[in-house]
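**Q** Take the given structure of chain A and dock chains F, L, W and X with the ligands to it, following the hints.
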Amino acid sequence: MTQDTKFHHGDATQNDSPIVEMKNIEKHFGNIIALAGVSFDVRPGECHCLLGDNGAGKSTFIKTMSGVHRPTKGEILFEGKPLNFATPRDAMEAGIATVFQDLAMIPLMSVTRNFFMGREPTTGRGLMKRFDVAKANEVTIEAMRQMGINLRGPDQAVGTLSGGERQTVAIARAVYFGAKVLILDEPTSALGVRQTSNVLATIDRVRKQGIGVVFISHNVRHALAVGDRFTVLNRGKTLGTAKRGEITPEELQDLMAGGQEMAALEGSLDGTI
Amino acid sequence: MTQDTKFHHGDATQNDSPIVEMKNIEKHFGNIIALAGVSFDVRPGECHCLLGDNGAGKSTFIKTMSGVHRPTKGEILFEGKPLNFATPRDAMEAGIATVFQDLAMIPLMSVTRNFFMGREPTTGRGLMKRFDVAKANEVTIEAMRQMGINLRGPDQAVGTLSGGERQTVAIARAVYFGAKVLILDEPTSALGVRQTSNVLATIDRVRKQGIGVVFISHNVRHALAVGDRFTVLNRGKTLGTAKRGEITPEELQDLMAGGQEMAALEGSLDGTI
Amino acid sequence: MNDTVQGAADERLKAEPLFAQLIKRPELGAVAGVILVVIFFSITADRSMFSLSGIINFMTPASQLGILAIGAALLMIGGEFDLSIGSMVAFSGLFFGVCAVTWHLPLVAAIPLTFIFAGAVGALSGNLVIRSGLPSFIVTLAFLFILRGLSLVGLKWATGGSTQLRGVREAVENDWLAPVFSGDAFPGLFAKLADMGLVATFNNGTPKVPGIPVEILWFVAIALIATYVLLRMPVGNWIFAAGGDRTAASNSGVPVNKVKVSLFMLTACCAALVAIITVMDAGSTDARRGFQKEFEAIIAAVVGGCLLTGGYGSAIGAFFGSIIFGMVVIGLTYTNFDQDWFQVFLGGMLLIAVMFNNAIRKRVTGER
Amino acid sequence: MNDTVQGAADERLKAEPLFAQLIKRPELGAVAGVILVVIFFSITADRSMFSLSGIINFMTPASQLGILAIGAALLMIGGEFDLSIGSMVAFSGLFFGVCAVTWHLPLVAAIPLTFIFAGAVGALSGNLVIRSGLPSFIVTLAFLFILRGLSLVGLKWATGGSTQLRGVREAVENDWLAPVFSGDAFPGLFAKLADMGLVATFNNGTPKVPGIPVEILWFVAIALIATYVLLRMPVGNWIFAAGGDRTAASNSGVPVNKVKVSLFMLTACCAALVAIITVMDAGSTDARRGFQKEFEAIIAAVVGGCLLTGGYGSAIGAFFGSIIFGMVVIGLTYTNFDQDWFQVFLGGMLLIAVMFNNAIRKRVTGER
Amino acid sequence: QDIVVVAHGQANDPFWSVVKNGAEQAAKDAGVNVDYRSPETFDMVAMSQLIDAAVNQEPAGLIVSIPDADALGPSIQRAVSAGIPVISINSGSDVSKGLGALLHVGQDEFDAGKSAGAKLAEMGGKTAICVNQEVGNVSLDLRCDGFAEGFGGSVTVLPTSNDPAEIEAKVAAALSSDTAIDTVMALGASTAGEPAVAAAKASGRDVNVASFDLSASFLQSIVDGDAAFAIDQQQFLQGYLSVNFMALHAKFGLMPGGNVPSGPNLITADKAAQVIELSAKGIR
Ligand SMILES: Nc1ncnc2c1ncn2[C@@H]1O[C@H](COP(=O)(O)OP(=O)(O)OP(=O)(O)O)[C@@H](O)[C@H]1O
Ligand SMILES: Nc1ncnc2c1ncn2[C@@H]1O[C@H](COP(=O)(O)OP(=O)(O)OP(=O)(O)O)[C@@H](O)[C@H]1O
Ligand SMILES: [Mg+2]
Ligand SMILES: [Mg+2]
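Residue numbers (the numbering used here), protein chains in the order written: chain A, 1 to 273; chain F, 1 to 273; chain L, 1 to 368; chain W, 1 to 368; chain X, 1 to 284.
Computed spacing ranges between beta-carbons, pair by pair:
1. L77/F with F50/W: 55 to 61 Å
2. V220/W with D102/F: 39 to 45 Å
3. I43/W with Q146/A: 54 to 60 Å
Because the hints were derived from the structure by calculation, they are not lab data.
As the structure is a computational prediction, the values presented were derived from the model and not from experiment.
Glycine is no exception: its CB is placed at the ideal position from the N, C-alpha and C atoms.
In isolation and in its complexed conformation, chain A is listed as follows (with noise of 0.2 Å):
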């Protein structure tokens, strides 16, 4: 395996105005609370990543900023304007695609449609505009070879896919779209040790050119080697956001498990899980 190549790990842009942030968030489902104020930004070629025990909000977080769900309380700016996006369409216009957590995918459906779903490629003008069909499938056998998945056909149902090819799928599809920032809410999780390399080193390309990406996972590991900043969320709420370099693999996972014991593991796992 080539060890010669490093991540270039400057200094993120920081000085760049954020493309969006988010202040004060709060948001409730019914008596549930399960953001109750959390602040966060994204400046445009920095990977900024939200960590945090399991259930501590980061999906809903991230949904109130791609516009799946509007904010109890609390504002968002883009561009230093106020927003508030009323459906994920509008906030894929204006430039940030997301890779949810559930997928967002529609089993019945191929994977060509499902990439496409909702912003298919068109040919032909008027009333002979059409779906591009052999563009479409072009563009994802493609994709998805470049994040390590031979797929066997674009026509085959989403549903029939493995775990970890359909989350390829989800993720290609929102690289392929992503203009302005690109949210990935836990990509890796279901993918193998190749496609993930290409996940992160798709971060790490995606961040040069000057994409804002928001990267949620509990992998330390994953989080350390692509993150510019690290914000750790804990019960709806921010436990604080560290730069590159400000922590330890250590105190991050600490952090991460909000704090509590951890059961005894360290032996086999060399410090971090």
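**A** Showing chains F, L, W and X with the ligands alone in chain A's frame:
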């Protein structure tokens, strides 16, 4: 964190005859060949890891083991006798519990009802025999707490749980009901660090009780932390089985990637993904 | 909220008023609709609608519908449809009529035979659905036509050419089992109450309400039992699971196929019960009995909060749904509206009742 | 399989015969059912059933049903139901009749008005479904009653008390637009063919088939357009997505609500088209027009392979489903079966056709 | 010899099943083959298609009911121009000749309603409800309209489904909310008539109940004095005579010179008893 306890990794009781033995299993879906002849066995008290790239056929394989799919070809021996589970219920009654990759939960139903689905505890006799809701709630809350999740209440619908909370319900359920064999298909994919260490510790504990564990993971470090034997699948075929200690993490990772080149990432990840 | 064990207080939970807790349950949502409809009619309808005899008057058809609706609701929660319910009423009515009139069987034989027969037909359609993997909609639709057609053929055969089989009342008049399935319960009590002046009487002194029609008692009993089964029996859990996601349920060890076939049999038996009650009450059966009842039963179940996609709903909801439907259908007759507007009114009331109940629930529980 | 770009051969794929590839598609599954029904009738029915006039005879009702069924199929694929289709036929028929007869509007005004009107009602019910979050089943059910009731009220108002509005034929007779929506197309051609002896004639020399009824042309055209839209237009993808999983679709940027409302409007317009064609053909309309057509349309769509749960199906499937249904309904009259057995027969044939098509598909594609 | 009957009433409709029985009896007696066909519901479009289907088979004779001359006219004319002899039954006596039918057997629904209305008015009725179990079915609507005209007093149409329990409850509701109602006219004996009798009885009031068509139980109520009368169209004759005429026409070219009225025929208490048995067998 406690550093003093180490797992016991003595010879798994390799001399015992296997609980489940699968010989030359093939599985076709229409014209798609998912498994092209895979052999595998689990012995009491061992943790046998099933590894492999995305789409290699791991989930399909364990689904034939737990009675969901009927193999197209091949033989299944349970405690030495040829057997074909007609339904997952049969497999369960024989003592096999499974955490499926898609978790097999009903989103609209409460946590407790999902936990005990199919195997409800009852109280009373005769006509008064009824679902013992109080006991079920208690067991659920307690089992979840042991895994590191504090539920708000046992009657929250599973569909509104976070990804990791949901996965924990599935694991806790399988551990509670797994009598002879426990099959875990990527159980830690959505878990936080604390929950992950709990699950790994649980696998260890369960194995010591003489239960056979089948553990699927994409995380080399997790596999090495608890596995006794490692079988690697690639494109529907076995690449071979190795015992603990006979293989280095790097070799294993190479096998899991299907022998293909990985993207350049090693620098920041200390060798394994 | 009796499923709850509350641990230590959790800062991630807001306090929830009891009312909100109650109205969240599918069982109780439909109550809001009932209240609305009652208010509407107390304003617009003749006072006699909510007199004792008026209530019994609309509760009788509501009960007959409700028995079907509860069966349909259970089946819908289990993820399937039965469109053959209405035809089944006609068909098992015919079967029962033939048992009683043509074969002169006593009720103690005729009634169990009818149930066995209906159950067998239900098992047949259920097995067809399971085995073929076809949607139950299409399979039971075929049964809708087949059973309706067989009822006609059977009636003509049994009567020598007519579409109406009569003489059931005479045949069962003196059977000891008859009071369980027909007529009014507690006549003595009501006579006494009338004497005491608690129940209104006709001029000749007989009480206006001679008793509670047995179907109402059956209806209430079945609603209670079904609720108990759904919420407190393992099989209730299986029904929810089978309807919620059949693969997940089956993978978790729920015997999905058995559950579904049993539900088909249950719905068929509900239809048979309604058939027995109505045939004995009317004394006759004809080829059009139960026409479109499958439709009304599904309406009542959906009004009561069942999801068409399965996995969610309640028997109590179907109970109130049937009452809403029964009240609206009969209620207009008590008002001064032009009867030509009947269907407009029926549709409008249904819509308003469901929207109201929905709005209340959203408002109270803060969903959006 | 025109969606496929095949890369290098993959050892994880078995070769698949063309036939298997074709029958896998929802579009073509229903063909097996059609073939079975044709075989059945060629054995049991009078020869005239498959003469040119016989085919046109069963294709006419099949087309009228099919236009509705294609609309219903698109809506079902989009995840919703419309139970008000049948009532919509009556209601827009009345509206059209009033335009033509009472207001003496020329067709060029009456027809667009009718479509606009129907579309508006469709938009209304669609918006109610979306806004309230209620199942479309219950909302459109309310519309079923409301529109049916309004048709009755409207008819009485328009005719001064009757439930039948007559005189449409006379009112539109000489309108230049009439041939597009009524009567037979290509009469000249058929007359010539008859002269040449290619089309059978009655004893008096007029051709048995004066032309192709326009509804058949509409039916075929709509089926083709709908198929094109579903498979080759972005909005087709949106329809599948909206029906497959509305949350996932919406999260992926599909404008789910707009898609659904448009589909409701489309179904309403299909109903209006059928209303216009049948009212002009019959020359009259009454309060029972289109009764239970919603039901038949859904049957045809399901027979043609649409899933009730949404997200799967095809317009071509609904096309063949309607033909199966039309053929079975009319076919019986060409056989010697007693009308009493009609429903048994209809149910049986439906069941067999669907099971057969299902069995063939499973056998061929190796599903289980 | 094939004769086809296309009627607007279904084979499972109590009224039409008697027509069908009559037609079958005639077929047996005359040695011809008869097919009875009807649309699944009251549906004029479907009915015209059934007539077309019948014409395609070129039967020896076609017998139709004509509840909507506009909708059915073209199909009937097509039959006539194809040289198929046509007889109309039941409804359409006014348009039958114009469409080319040889003759009409039956009685107009409107006239039957009118005579029933007149009779009930004569019995002292002032306020009536007309129980219609299939609103929009034009032939039933005509019965109500005729009744209203003959009755003269106030008439309200009570729309119902054809579920006996619902009809009984609705009639009871109408009676209890409007105490002026003294007459109930049901449009079908077994579906609407019997429950109406039960409701009237339970109300404890003196209400005249009459019904169209016959059913054994309703006739029994007439005998018992719970119901006033039933209007019999003797629809058996509509089926029997039309088929018989058609068979004779096919064999010998015979055809009566004018329309044959099959009713109306009021069945009151004195005649009811003797009809019960026949009614139970589907002949009356
Ligand atoms: N629709 C909802 N209704 C009620 N509660 C909800 C809903 N969605 C989320 N929650 C609750 O809010 C909390 C936060 O959920 P969220 O999915 O955001 O967690 P997360 O941080 O993404 O966890 P994970 O790492 O396990 O994915 C959870 O405890 C969950 O139970
Ligand atoms: N029902 C099915 N129909 C068709 N193909 C299927 C079906 N189920 C699985 N497959 C195919 O079989 C292959 C193996 O899938 P499987 O889910 O077993 O992979 P896996 O090893 O579990 O992968 P992952 O690590 O991503 O979960 C995949 O390529 C998938 O596309
Ligand atoms: Mg999450
Ligand atoms: Mg897998």
